[in-house]
Each structure stands twice: as C-alpha cells, then as structure tokens.
Amino acid sequence: GIQVEQSPPDLILQEGANSTLRCNFSDSVNNLQWFHQNPWGQLINLFYIPSGTKQNGRLSATTVATERYSLLYISSSQTTDSGVYFCAVERVGQFYFGTGTSLTVIP
Amino acid sequence: KAGVTQTPRYLIKTRGQQVTLSCSPISGHRSVSWYQQTPGQGLQFLFEYFSETQRNKGNFPGRFSGRQFSNSRSEMNVSTLELGDSALYLCASSLWGPGSPLHFGNGTRLTVT
Chain F
1 GIQVEQSPPD
11 LILQEGANST
21 LRCNFSDSVN
31 NLQWFHQNPW
41 GQLINLFYIP
51 SGTKQNGRLS
61 ATTVATERYS
71 LLYISSSQTT
81 DSGVYFCAVE
91 RVGQFYFGTG
101 TSLTVIP
Chain Y
1 KAGVTQTPRY
11 LIKTRGQQVT
21 LSCSPISGHR
31 SVSWYQQTPG
41 QGLQFLFEYF
51 SETQRNKGNF
61 PGRFSGRQFS
71 NSRSEMNVST
81 LELGDSALYL
91 CASSLWGPGS
101 PLHFGNGTRL
111 TVT
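Protein chains in written order, with our numbering: chain F, 1 to 107; chain Y, 1 to 113.
Hints were generated in silico from the structure; no laboratory data involved. Note that CB positions come from ideal geometry on N, CA and C, so glycine has one too. Careful, some of the hints might be misleading.
[Said to hold, decoys possible] Label-pair ranges, simulated between beta-carbon atoms:
| hint | chain 1 | residue 1 | chain 2 | residue 2 | range |
| --- | --- | --- | --- | --- | --- |
| 1 | Y | THR5 | F | GLY57 | 22 to 30 Å |
| 2 | F | ASN45 | Y | THR20 | 21 to 29 Å |
| 3 | Y | THR38 | F | ASN24 | 21 to 29 Å |
| 4 | Y | ARG109 | F | THR99 | 14 to 22 Å |
| 5 | F | GLU5 | Y | LYS57 | 21 to 29 Å |
| 6 | Y | THR20 | F | VAL64 | 39 to 47 Å |
| 7 | F | ASN45 | Y | ARG67 | 19 to 27 Å |
| 8 | Y | SER100 | F | SER28 | 14 to 22 Å |
| 9 | Y | GLY28 | F | GLU67 | 31 to 39 Å |
| 10 | F | GLY41 | Y | LYS1 | 34 to 42 Å |
[Unchecked claim] Anything over 12 Å on all C-beta distances counts as not near chain Y; from chain F, calculated:
| hint | residue |
| --- | --- |
| 11 | SER7 |
| 12 | GLY16 |
| 13 | SER26 |
| 14 | GLU90 |
| 15 | THR104 |
[What the hints assert, rightly or not] Just so you have them, the derived chain F footprint on chain Y, three or more residues with Cβ under 8 Å:
| hint | segment |
| --- | --- |
| 16 | 40-47 |
| 17 | 52-59 |
Next up, chain F with everything else stripped away, as it sits in the complex (with noise of 0.2 Å):
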C-alpha cells in the first residue's frame, strides 16, 4: 500500500496565528483530500486537490503530485480550527489515510 506521513504530528497556536501543514505519499496517487476531524469526531472535507491550488476563505491548499507532497495553509487562527487534520489519497480505488496533524489554538 501507499505510505501517507503527515508532519507535524502536534501543532499549538496561538489564536490569530498562521500555520502550514504537510502530507507526504509514498507513490503516485489519482486524488487527494484533506479533511478536518473536529472534536466530537466528524470528518469534514476541506479540500479535494489532486493538483494545484485551492483557496476557501482562511484555508488554501497545494498538492505538487510530480513531487508526491501537498500543504494545508491556515491563517489567522482560531478556536474553533482545533481538532485533526487528516490528508487521504486514493490509488485504483484504495483509500489511504494519513495518521493526522492534531491542532490546538490557544485563545
């Protein structure tokens, strides 16, 4: 299977802070999404970026497939960003999931 690594593993912040997330894969993927697992354990779909670059509001997002990596920008914090960040990509229909950037911002 594909090895998904996401970096870092913990993340705190202040709130206003910026912050960078990265998701690395092991081989060439067909798509890639980036979700959000907010506190009571709902999985939310920010982005479905196979390439290039998206932008939704405070939150923008690369994926550089060539290179096998893609990054999840979130600026200007806030509380309610806290929770898991999770990159999954998908290769002849299996699934793979990264083990998650777990965020907390600091009122």
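Starting from the structure of chain F, add chain Y where the hints point.
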C-alpha cells in the same frame, strides 16, 4: 440537502456477537465507502459500494462485510466480534466514488466487551 446519516451512534456488543451498522448517503450520491478508525491503526478503508456492487475492498478479514441497496443506502456487518473490533466506524458517500469528494457521516462507535 441532508448529510450522510449513520445509525446507531453508539453500540455495545459482546465478543462473538454480530452487529449491523447502517448508512444513508447524501441524496444523489451513488457511492458509499466504509472506514474503521482506532487509536492504534488510525483510519483504514474497509470497502466501497457503487450501484449495489462492492467495487473496492481494503485489507480486512471476511468477518467484515457489507451491502448496498437500490436506494444507495448501505449496511456493514461484522460477525463473530472480537475485542479489537472496538472502533469508530465511519461511512462516506460521494457522487461516483474515487474521483469525487468524500462526505462523511458522524460515525458509529462500537464497543466490544
């Protein structure tokens, strides 16, 4: 538009029993996939159904099975439960499976005692 609905939210079962979990996808979504989340193994793909057919399968034993109905609703069954099956089981729907964004339900938390 209603989101993905999973029932029940919580389940407690005894070793050796079987369990059935249900997932209703977003209206118009034809693909349903299932995932297991545990602290030790993280999020793992179980299987994906499209038009009532299992199209893709992860690396889980045959005790884990599923099906999809003509209205795209899906069920997952785990037979002969083991303590290690305790997990959060998540279902996701998408328009056509791989190649379209996944939308997750709230999950079913299964505890096996």
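How the hints compare with the structure:
Between Y/THR5 and F/GLY57 the CB atoms are about 27 Å apart, so this pair conforms to the stated range of 22 to 30 Å. Under the hint 21 to 29 Å, the C-beta atoms of F/ASN45 and Y/THR20, about 26 Å apart, fit the expected range. Distance hint check: the CB atoms of Y/THR38 and F/ASN24 are about 23 Å apart, consistent with the given range 21 to 29 Å. For the hinted restraint 14 to 22 Å between Y/ARG109 and F/THR99, the CB-CB distance of approximately 20 Å keeps it satisfied.
Between F/GLU5 and Y/LYS57, the C-beta spacing of about 24 Å keeps the proposed range 21 to 29 Å intact. Checked against the hint of 39 to 47 Å, the C-beta distance between Y/THR20 and F/VAL64 comes to roughly 42 Å, which is consistent with it. Here the CB-CB span from F/ASN45 to Y/ARG67 is close to 25 Å, well matched to the stated 19 to 27 Å. For Y/SER100 and F/SER28, the hinted distance range of 14 to 22 Å is satisfied, since their beta carbons lie about 19 Å from each other.
Checking the proposed 31 to 39 Å range against Y/GLY28 and F/GLU67 shows it holds: the Cβ atoms sit about 35 Å from each other. Judged by the Cβ atoms, the range 34 to 42 Å given for F/GLY41 and Y/LYS1 is violated: they are separated by roughly 21 Å. Residue-level check passed: F/SER7 sits 15 Å from the nearest beta carbon of chain Y, beyond 12 Å. In this structure F/GLY16 is separated from chain Y by more than 12 Å, as the shortest Cβ-Cβ distance comes to about 29 Å.
The Cβ of F/SER26 lies farther than 12 Å from every Cβ of chain Y, with a closest approach of about 16 Å, so its non-interface assignment holds. Remark: the non-interface label on F/GLU90 conflicts with the geometry, its nearest Cβ contact in chain Y lying 5 Å away (cut-off 12 Å). Taking the minimum C-beta to C-beta distance to chain Y, about 18 Å, the non-interface status of F/THR104 holds against the 12 Å cut. Counting residues of the segment 40-47 of chain Y whose CB lies closer than 8 Å to any CB of chain F gives 4, which reaches the minimum of 3, so the coverage claim holds.
Counting residues of the segment 52-59 of chain Y whose CB lies closer than 8 Å to any CB of chain F gives 4, which reaches the minimum of 3, so the coverage claim holds.
The structure does not agree with the numbered hints 10, 14 stated previously, though it agrees with the rest.
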